[in-house]
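The residues making up each chain are set out below.
Protein chains: 4
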Amino acid sequence: MIRVGIVGASGFTGGELIRLVHQHPELELTFLGGSSSAGKRPAQLHPGLRLDLGGLSVEPVTADAVAGRCDVVFLATPAPVSAALAAQLADRVACVIDLSGAFRIRTPELHERWYPKAARSTELADRFVYGVPELVGDQLVGAPLISVPGCYATAITLGLAPLTLGLGLNLKTVVVDGKSGSSGGGVQLRVPDLHPLRNGAIAPYAPTGHRHAAEVGEFLERGKPGSVGSLTMSAYGVSHVRGLLASAYVFTDDAVDGRELQRAYLRFYKGSRFVRVRRNTETLIPVPDPQAVLGSNYCDVSVLHDEEGGRIVVLAALDNLVKGAAGQAVQAANKRFSLPEETGLTMEPVMPA
Amino acid sequence: MIRVGIVGASGFTGGELIRLVHQHPELELTFLGGSSSAGKRPAQLHPGLRLDLGGLSVEPVTADAVAGRCDVVFLATPAPVSAALAAQLADRVACVIDLSGAFRIRTPELHERWYPKAARSTELADRFVYGVPELVGDQLVGAPLISVPGCYATAITLGLAPLTLGLGLNLKTVVVDGKSGSSGGGVQLRVPDLHPLRNGAIAPYAPTGHRHAAEVGEFLERGKPGSVGSLTMSAYGVSHVRGLLASAYVFTDDAVDGRELQRAYLRFYKGSRFVRVRRNTETLIPVPDPQAVLGSNYCDVSVLHDEEGGRIVVLAALDNLVKGAAGQAVQAANKRFSLPEETGLTMEPVMPA
Amino acid sequence: MIRVGIVGASGFTGGELIRLVHQHPELELTFLGGSSSAGKRPAQLHPGLRLDLGGLSVEPVTADAVAGRCDVVFLATPAPVSAALAAQLADRVACVIDLSGAFRIRTPELHERWYPKAARSTELADRFVYGVPELVGDQLVGAPLISVPGCYATAITLGLAPLTLGLGLNLKTVVVDGKSGSSGGGVQLRVPDLHPLRNGAIAPYAPTGHRHAAEVGEFLERGKPGSVGSLTMSAYGVSHVRGLLASAYVFTDDAVDGRELQRAYLRFYKGSRFVRVRRNTETLIPVPDPQAVLGSNYCDVSVLHDEEGGRIVVLAALDNLVKGAAGQAVQAANKRFSLPEETGLTMEPVMPA
Amino acid sequence: MIRVGIVGASGFTGGELIRLVHQHPELELTFLGGSSSAGKRPAQLHPGLRLDLGGLSVEPVTADAVAGRCDVVFLATPAPVSAALAAQLADRVACVIDLSGAFRIRTPELHERWYPKAARSTELADRFVYGVPELVGDQLVGAPLISVPGCYATAITLGLAPLTLGLGLNLKTVVVDGKSGSSGGGVQLRVPDLHPLRNGAIAPYAPTGHRHAAEVGEFLERGKPGSVGSLTMSAYGVSHVRGLLASAYVFTDDAVDGRELQRAYLRFYKGSRFVRVRRNTETLIPVPDPQAVLGSNYCDVSVLHDEEGGRIVVLAALDNLVKGAAGQAVQAANKRFSLPEETGLTMEPVMPA
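Protein chains in written order, with our numbering: chain E, 12 to 364; chain U, 12 to 364; chain S, 12 to 364; chain A, 12 to 364.
For reference, chain E alone in the conformation it holds in the complex (with noise of 0.2 Å):
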């Protein structure tokens, strides 16, 4: 059995990491770390969770209890509290998989304008994986640092990548239009997120941008240079909870065959156990909708050519706190430590719900 410890046990993400840590059938939870919480039980925490974990609450986290009783250990954590976590811990455990901010994006002075509270070290994020294990071959395995892409990032990122990674398309504009539900959030107080003036909104949290596009861009752009023209973003709270819908609308001046665009996608994810290409009408409600993915680790896609409006439409779907969180977190320590990548991830969604 691997052993596991996961620092910010409290949140949301940290309850959906024990949920799945629990129920995958080669990792074993041994250390739950956390501040505030610390002395509390996961099902104080987490109510669903009344599980039997052989008396683990939530300790305080230090270095050495860490590297004593973890072979991983999953931040999910503030990017700030990440930063100074994954430096102590880089070579003294065996794999660091980040879920925060902190090590996603490489450029020093991108990094610094969108997370000036998480100061690193270059060579430290040089070291990172970037976490996208359909998009990054073989170099999850034995990594010691990965890196979580975040939820709209992984969402764009894996709806993009067949146009410029597999068309090789060069992308002129791309506007990208994100909507998500209240669990983005956390378990923060703040006035927006109390229920009743979260329920029933349509919240323009980041109107004109979002640091998540960022990633996207450096990323798509260190697969392919020059792909990506202007890529910006707006980003929009629904009245849900779980689960977002990422739609990029999509200039290019290279030629676009229409009826070729979704054959491409289905071949560039062939084999992609957590990907789902679909047509937007091949069932009982339009897809992809975040509900026909919610509580497992998919991912679905579809694209469109507007022909009429010159313009690519592609839209993903998935649930923020699986596919865009923790399940993502667990995918990529699958393929660290050589397992099946959807091992202890075969949960089909639940719906409806």
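Hints are all accurate, no fakes.
Same chains, same names: a pair is fine if it fits in one copy or spans any two.
30 Å max Cα-Cα, derived DSBU-like pairs, lysine-lysine:
1. K281 with K51
2. K281 with K183
3. K235 with K183
4. K281 with K235
These aren't lab readings, by the way, just hints derived from the structure by calculation.
Mind docking chains U, S and A on chain E? Use the hints.
Showing chains U, S and A alone in chain E's frame:
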């Protein structure tokens, strides 16, 4: 008192018209028309409206009945029905106000494409005034035929008009993303509109185009030829009931002074009772958000300069059943009969709800 | 115009009072009081209410300010604050209307048990009129001190009064089950009220008792001593925002004529503008349902005879912020100042929403 | 592998059965039956389930097909269909598990009253085992015919059994109040189930009685004759999708030791894998709450002593599609085939959702 008929009394828009007409000091409900609901009293169709309407119940529609008993008739009917009824009622009733899409688009080819089942004569269509009261000056005064814009079209048009008609910009590329609640679908029985399948959804129901976009383009072009280059739209159903948000991502080659934008919008809507130009962060939730206009006739508009992204972001929120339908129709009727524009429409938003 | 002050302007009830006072033809808002929100304009606190209030903003409360500028003051404050303010303002303002629980329960022991932090003098408490306008006859006319019942208490009292005060039944056992939306919890930051944890919930937050039950028992007993035997209550938070339904399951040893019940309720509330006696199946959804009164001052009541079960089922629905708080307060003020009861309260329900 | 057929594949319960059977290590899906959905693949009917099922699609049901290809068949069909199918399939398939109400109530008169359209022979009905695995000991092992209890019935029975069967109390009066989400209504097209009319609702759809109450009374009386005096029930639809909470307000003349209740429940369910006895305040939201069991096979139960009110309050929450239907059916099948009870059912709750 002005005598009012409502045809299509059983739908959500019909119910909202009954609510508003009932609260209006100068309008008197004298006719309720419908086919499948004939014989029913309003309270049977609209659970909230147990009103004393002098025994009025829904009757089958005949031109004679409407002409004999109404000064103004609101058609809250599907476009094909409206097309037929308007032809019969024009010139027999002082004012016909159509809330369907039958007379919104003037260009015959465009109309046929988006409303193939709503055949109408071009002569009749040309007589209709497009009823955005804020943008058509005095055209509504005394108008015998008024076509109320679509809910999305109202939001987008009010959002973009200050750019083209106010600042005189030419909009090279406009990408519209629309998010709306389930009440827009009406009382029709469709599987995707069942609560278990719509709650928690982000449904990409019109990912590559929406007919309201055609309306907007045509109208803005009439106001300033050449001002709208490419205008594309995608529409999504989200997990609440009432209200929509339209986002327009605007790219222009003209010079834009970011600091000037807000002032230009305030100037443009100075004196407009129902358009509130708001800053995104002016209150405790991000706005515009449709929950902040619920039940009212307001359209909340914000304009932001995404300087780095080289675009203007315009957001417009309204209650699709009020400013997007029944409220705007009553506002148009007020103008038509030379009443103060806000008569009967002074209800403030119901929030939280 | 009657000059109105509102203390506790930042809460949901405070916002609703602003909305209703603003729409009221005889009331004029002259004072807004608060502590943490002092200096704020209403639009900053209430996203929907961007009103022209002559520059009014929230001020710290002093007895002199209120006494000098108000004919009536609404206290939308926590019970301890209300207890202190009422003592200062009584006899200095023509009418003090308290919306908290500070003066609802008359019996000192009972009051201390349920409101231990809201100490008050018995003399002062005895001077307050319990403000259910439908049930206290002319006591509100000219009353200097009015205590507005709790939201649940209003529903239960209006639901049961026709049985005890109308039919003269003795109710041996009453089991009340209350279901309410999240707006009842106010704008306070509490983890269970965060959207992700409240959406989809059925939260048994008061499973063995609720202080509103004490109010009801005391009031009904005052009206007909011995009429209420055991009255127990359990309360649940469900997954919407505004509105509540109270169900009372009533067992009595007195003879009950099932066919007579409905008529007795209609008779009892004949002439009551805001109580609608409804049959469960009279419209297209089962009623009473709080969505059918949203934003209005109605309380919908149904009575059913469960003959086989040997019980009477009474259902009462209202909007907790209107008939359960601000609307009822304005209705009481109307009575106090001898205005028609419905002045400023004629808005019909906003549905669907 | 045990070969499994599912009849009624297009409903929500059918979809949930597909999900659970697909995840089950010992069950293999070999037949999908339906009428209106014949010819469809599961992914067309269930947007989340794009599974590789070896090309399986829905087929018309014939006894020969089912008997030839299945060791166990789940009937997720309306009661009249189940009654007819069970008669054909009994003795031809090793095990028939019916999820409808056709065989839940044993007493013929009671059955006819609540299921008048589901005629069945008494002989056949008497052969069915009532499948609450926690309460029927070894009766399920090898059982050829199993009737899965209703969703509410499961919750109420599990909630009350420790009182009657465990503590031996006689329950004089039990008042049950049930609150459930919209998924209980299935995929049928009914106006009150449209999203705009169900969202925000508290719908008193069965205010004076519910057929699940009859089941509970009969079953508990079989276990301990005379233990249930009056048992009445009222049921409400609230504003979420999945999960229900049943509250039982219990009055007894027997002596009750409040401190003993909790221990008695813990003792009664010791060793029951899927019943979690919880204290109301043990975690960060009040429990039981159906959101804390979503997607899992748990039933969460709490017992509270309302000493002042002289009653016991029992709360039971479950996912109506899992422990209230498909999950319980699979659990019963596990017992039937002598597999560990939890096989294929170890998924933990998905929360927040």
